[in-house]
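Student: Residue numbers (the numbering used here), protein chains in the order written: chain A, 111 to 505; chain B, 111 to 505.
Calculated from the structure, these hints are not laboratory results. Since the model is a prediction, treat every value here as computed from it, not as a measurement. Wrong hints could be hidden among the right ones.
It does not matter which identical chain is meant; a pair holds if it fits inside one copy or across any two.
Okay, derived cross-link-like pairs now, DSBU-like style, lysine-lysine, Cα gap no bigger than 35 Å in a straight line [to be verified]:
id: 1; residue 1: Lys-322; residue 2: Lys-266
id: 2; residue 1: Lys-370; residue 2: Lys-183
id: 3; residue 1: Lys-383; residue 2: Lys-370
id: 4; residue 1: Lys-284; residue 2: Lys-266
id: 5; residue 1: Lys-284; residue 2: Lys-370
id: 6; residue 1: Lys-322; residue 2: Lys-284
id: 7; residue 1: Lys-444; residue 2: Lys-174
id: 8; residue 1: Lys-266; residue 2: Lys-171
id: 9; residue 1: Lys-171; residue 2: Lys-477
id: 10; residue 1: Lys-444; residue 2: Lys-370
id: 11; residue 1: Lys-171; residue 2: Lys-444
These are the residues of each chain, in order.
There are 2 protein chains.
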Amino acid sequence: MNTKAPATLLLLAFACLSDAPGPARAGAAPSPAPSNLPGSEYPRLEPNLGVTFRLKAPEAKAVKLEGGAGLSKEPTDFTRGQDGIWTLTTPPAVPGFHYYWFNVDGVRVNDAASQAYFGYGRECSGIEIPEAGADYYAARPEIPHGEVRSHWYYSKVTGRWRRAHVYTPPGYDKSGTRFPVLYLQHGAGENERGWIEQGRANFILDNLIGAKRARPMLLVIDTGYAAYASGVSASATATSTNLSNRIASATAAFEEVMLKEIIPMIDANYRTKPDRLHRAMAGLSMGSMQTLNLTLRHLAQFAWIGGMSSPPRTGFDVATAYDGVFRDAGAFNKQVRLLWLGAGTAETRFHASTVSVHEALERAGIKNVFYSSPGTDHEWQTWRRSLYDFVPRLF
Amino acid sequence: MNTKAPATLLLLAFACLSDAPGPARAGAAPSPAPSNLPGSEYPRLEPNLGVTFRLKAPEAKAVKLEGGAGLSKEPTDFTRGQDGIWTLTTPPAVPGFHYYWFNVDGVRVNDAASQAYFGYGRECSGIEIPEAGADYYAARPEIPHGEVRSHWYYSKVTGRWRRAHVYTPPGYDKSGTRFPVLYLQHGAGENERGWIEQGRANFILDNLIGAKRARPMLLVIDTGYAAYASGVSASATATSTNLSNRIASATAAFEEVMLKEIIPMIDANYRTKPDRLHRAMAGLSMGSMQTLNLTLRHLAQFAWIGGMSSPPRTGFDVATAYDGVFRDAGAFNKQVRLLWLGAGTAETRFHASTVSVHEALERAGIKNVFYSSPGTDHEWQTWRRSLYDFVPRLF
């Protein structure tokens, strides 16, 4: 009490001065990465967008950098200094967000200087590399901002608590009107935090809406994982030891959660336009697979569909895919307002597979949009750009 | 696309099946800690509430457990197995939430099996030890739940982006009425995530409101850190190299953010009752110090005050403390509806100091409530219990 506080507490407090998701810009001199926790000098951005990492580990025999392809395609060795401090400067990194961690004698170690992000099924460090001229995912003071709500709910399908993140556009509380909804799915190993923390989806929507390039809408970001509660499964597949049976069961459980729990809950609790013409779904990687599987089999529920960096597939057959939904191109084109497919040029297998599906659909007369993100891999910069391209086309 | 997904992606997905902040219960047999990421067998709760930790580190010379006092008062050595897997079983842990990490040859390593929580100025692992019979912070399906909104805003005082977490009670959107507000501050080294992720403040409020033991209210949880933007400081103290000057400047900046930015923003954007009789503030540790410093000097703004585990202080003088606010007991008691002080019995210095302030105030005729949390240290179980005792007394 009073200002005579224990100095240690206050020193710790100074180290934590809250920082900003503001516009990220590369400088002419080395500077702390914009994603660093306040007060951390390293990781340090070099003027050429290389990154210098540091770790004190006097007893270690080997320290490596591992993580996202645009930062560290292969594990890269640090060099030990006399003082037991290991350092590494990478080649120029690809702009955008990269997961990373240090491998210290075989143990994965997060960087104390960075925030943790959920990826690869665990908490990883993350770094933001500024992209020159790209301010579409920056937080900008001059425009109004939406909110992101954490909405907890108990799922009877899975017998577990779940949390949806719901973005409400600027002015939602006071407008009194109803809004369309985009359901947005993360990738494998990530969760419902990804599109906000890594993807900055809320800031992308703020910027698009602020520039009147997109209609105000809700985003609903939930987890893509689901397993039937014991006793709830409609079949014996949930507990099967056979992998493809278990995948089928998880797919069915996820679809049941989405169609019977999440969508009705959102329509009941938020001012939505609760019809297919005002409902979109998109996802990245595993989330793209889930989106296409679900929407193309439930067109009575969705009229706008986005598949970002779908897992590579072979043997795509227009006539039989998704229970034959593409067989009647005229009917499909009339019913579906947007079928959007995209990938980054550096995620070559994903890109090639997506191009090939896109072209097969074109040949069959199925209207669809293909978006290519230059130079980005199976990482979040591809999906930020994808969202930025996809959203203005909606509703 | 389709259900023929790459098996690796799906296997990763299975490892991530989203889990539940549901009621935590100790079992008769060893079981995964309720805070484990889904699929993680360790850390494992033993029937006596000891915890078994595991880490694979074949090259390490020494592995220690470090963290919260109720789990590991002193660093504790792991034992190496033949297979390079280190294990440790602790004595019975104190129920509640504990930060922890592994020290591997001098390097701090988070546990890949647990979520990360912001404490000690960095991302730490955390573990939840069930408290028998305590369901006041559990997510319970049978009662309605509020939401927690992330509200980003640009602070002109600090020249930085900040994020407030705002808990809205069940039914907020549809009620149309106005609500009182409790501003709630974290401790040093933590941030605005703490009261939700570690403290489970939203579930505590849900349970109290659901049982009609507390009035529906908003919680506003922001960071306690602030520094004047260059050029904004009213004095030269912000850039002083003198620690006490810098503390004074940070204190002033925080108070300016709270009084001139946060409170007006909340009153403008949410349906609040924007007067002192419907505005409370409370905080823990550093946040308690901030709360008492701010509210006791601005009673025109606050009528309800909570100080949890205030940093130990000597020389508390009723006549001069907080600019002499306690000098006229009659006037103080008339103006302040609640002055609440509390601490845990195991945080002995904090507890003794709080008792001594409480008694000095009593002797001076200043009405105040003292709450003592049995057996808990300077950790979150003390603050969960404190919130649970404090909130029903409000408004």
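Student: All hints, please: hold or fail.
Tutor: Hints and how they fare:
1. When the C-alpha separation of Lys-322 and Lys-266 is checked against a cutoff of 35 Å, the pair qualifies only between copies, where the shortest distance is 26 Å, while the shortest distance within a copy is 39 Å.
2. In this homomeric assembly, Lys-370 and Lys-183 never come within 35 Å of each other (Cα to Cα): the closest approach is 41 Å inside a single copy and 48 Å across copies.
3. Only within a single protomer do Lys-383 and Lys-370 lie at most 35 Å apart by alpha-carbon distance; the minimum there is 17 Å, versus 37 Å between protomers.
4. Both within a single protomer and between protomers do Lys-284 and Lys-266 lie at most 35 Å apart by alpha-carbon distance, with minima of 33 Å and 25 Å respectively.
5. Taking CA atoms no more than 35 Å apart as the test, Lys-284 paired with Lys-370 passes in both settings, with 29 Å inside one copy and 23 Å between copies.
6. Both within a single protomer and between protomers do Lys-322 and Lys-284 lie at most 35 Å apart by alpha-carbon distance, with minima of 19 Å and 28 Å respectively.
7. Taking the closest pair of Cα atoms, Lys-444 and Lys-174 never come within 35 Å of each other, the shortest separation being 53 Å inside a single copy and 64 Å across copies.
8. Taking identical chains as interchangeable, the C-alpha atoms of Lys-266 and Lys-171 are never at most 35 Å apart, the minima being 50 Å within one chain and 48 Å between chains.
9. For a Cα distance limit of 35 Å, the shortest separation of Lys-171 from Lys-477 qualifies neither inside one copy, at 56 Å, nor across copies, at 61 Å.
10. Taking CA atoms no more than 35 Å apart as the test, Lys-444 paired with Lys-370 passes inside one copy only; the shortest distance there is 26 Å, against 54 Å between copies.
11. In this assembly of identical chains, the alpha carbons of Lys-171 and Lys-444 never lie at most 35 Å apart, being 63 Å within a copy and 67 Å across copies at closest.
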